[in-house]
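Asks: Here is what each chain is made of, one letter per residue.
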Amino acid sequence: MHEMGDGTVMQISLRVTSRGNALVHEMKEAGTADDPARYDHPLTMLYLDGDRLLLTHYCDAGNRPRMVARTSTDGKTVEFDFLDVSGGTQFGHMHHAVFTIIDANHHSEEWSYMMPGDKLVHAHFDLKRTQ
Amino acid sequence: MDREWNDSQPIYRQLRDRVVAMILDGVLKEGDPLPSVRNVAAEYRVNPLTVLKGYQQLVDEGLVETKRGLGIFINTGARKLLLQGERQKFLAEEWPRVHATIQRLGLTPDELEAAAKRRSSSDGAQSKTAESNPLNKER
Chain B
1 MHEMGDGTVM QISLRVTSRG NALVHEMKEA GTADDPARYD HPLTMLYLDG DRLLLTHYCD
61 AGNRPRMVAR TSTDGKTVEF DFLDVSGGTQ FGHMHHAVFT IIDANHHSEE WSYMMPGDKL
121 VHAHFDLKRT Q
Chain W
132 MDREWNDSQP IYRQLRDRVV AMILDGVLKE GDPLPSVRNV AAEYRVNPLT VLKGYQQLVD
192 EGLVETKRGL GIFINTGARK LLLQGERQKF LAEEWPRVHA TIQRLGLTPD ELEAAAKRRS
252 SSDGAQSKTA ESNPLNKER
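Sequence lines, in order, name chains B and W. The opening position of the first sequence corresponds to residue 1 in our numbering, with each subsequent residue numbered one higher. The opening position of the second sequence corresponds to residue 132 in our numbering, with each subsequent residue numbered one higher.
Think of the hints as simulated: they come from the structure by calculation, not from any bench. Source: prediction; values computed, not measured. Check the hints yourself; a few may be wrong.
[To be verified] So, partial list: chain B residues that the calculated Cβ filter (under 7 Å) puts toward chain W: (1) Thr32; (2) Tyr58; (3) Asp60; (4) Ala61; (5) Val78; (6) Phe82; (7) Tyr113; (8) Gly117; (9) Asp118; (10) Val121; (11) Ala123; (12) Asp126.
[As the list claims (entries may be wrong)] Just a sample of chain B residues kept apart from chain W, beta carbon distances all over 10 Å, derived: (13) Met10; (14) Met27; (15) Val68; (16) Thr77.
By construction, the Cβ of each residue, glycine as well, lies at the ideal position given by its N, Cα and C atoms.
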């Protein structure tokens, strides 16, 4: 759960699925109904592809970028670099993500979005475990 | 601003379009600040990244500028710039379809003008209840 200074709360859930073969990452604004037609609740799947850790982000821009991970030497930061994208990119696409493990109950996420015209927009989330 | 989103384009583009409409309508004036990303994200229950993308789109179009440490402000000349672009867009993309419908229905200029006047008076009544607009909250 990410709480901004003015009380804006983002909820991110991470759950293992497919008998351990994939991790589902869902992001939503606290208090919004589980209504994907009305709210932007982006979904990301993380999975192993051979010896690579990949993610596929399902964006409301209508495309699905894939990114490949590289880890820091201490293993606490996983950085995802853009690999490729399926679907149209006229509205831009998610381009980069960094997950940093702070401790067992805290981690941060940094998401970067490539706008049309190749300008990056960044958002940072500090998250704490709620359950 | 309406809180409903349609599925014709990403939410950040719809957010951009709403700010553009508010500039064209004179609700947001040149030199006015845009509400903070956090405020809009909280008010509309959208991802802060979505708001940032919408604002970046406005920056890219030269309609607003970021003043470091102060916020994002409507540029001088933004309305004029928008009017040029939006007029061309309307005439190229929307007018042919509207014109075809008018022709098909045989509507006369007098009927269209009367309908526009009825709509204007209706909008005037509605605007009295629109003071909870979050983009006005910080001003």
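Asks: Evaluate each hint against the coordinates.
Replies: Okay, the hints, checked on the actual structure:
This hint holds: Thr32 (chain B) has a C-beta 5 Å from the nearest C-beta of chain W, less than the 7 Å allowed. With a cut of 7 Å, the hint placing Tyr58 (chain B) at the interface with chain W is violated, because the nearest CB-to-CB distance is about 13 Å. The restraint placing Asp60 (chain B) at the interface with chain W holds, with a minimum CB-CB distance near 5 Å, inside the 7 Å limit. For Ala61 (chain B), the interface hint holds, the least distance from its beta-carbon to any beta-carbon of chain W being 5 Å, beneath 7 Å.
Look at Val78 (chain B): its Cβ only gets to about 19 Å from chain W, farther than 7 Å, so that hint breaks. Violation of the interface hint for Phe82 (chain B) is found here, the shortest Cβ-Cβ separation to chain W being roughly 16 Å, above the 7 Å cut-off. For Tyr113 (chain B), the interface hint holds, since its Cβ comes within 7 Å of a Cβ in chain W; the closest pair sits about 6 Å apart. Given the 7 Å rule on beta carbons, the hint for Gly117 (chain B) holds: about 6 Å separates it from the nearest Cβ of chain W.
The restraint placing Asp118 (chain B) at the interface with chain W is violated, with a minimum CB-CB distance near 10 Å, outside the 7 Å limit. Against a cut-off of 7 Å between C-beta atoms, the interface hint on Val121 (chain B) holds, since the closest Cβ of chain W lies about 5 Å away. For Ala123 (chain B), the interface hint holds, since its Cβ comes within 7 Å of a Cβ in chain W; the closest pair sits about 4 Å apart. This hint is violated: Asp126 (chain B) has a C-beta 12 Å from the nearest C-beta of chain W, more than the 7 Å allowed.
With a cut of 10 Å on Cβ distances, Met10 (chain B) falls inside the contact zone with chain W, its closest approach being about 7 Å. Listed as a non-interface residue, Met27 (chain B) fails to keep its Cβ farther than 10 Å from every Cβ of chain W; the least gap is roughly 7 Å. Even its closest Cβ contact with chain W, about 21 Å, leaves Val68 (chain B) beyond 10 Å, as expected for a residue assigned away from the interface. The claim that Thr77 (chain B) is not at the interface with chain W holds, since no C-beta of that chain comes within 10 Å of its own (minimum 20 Å).
Comparing the model with each numbered hint stated earlier shows that hints 2, 5, 6, 9, 12, 13, 14 do not hold.
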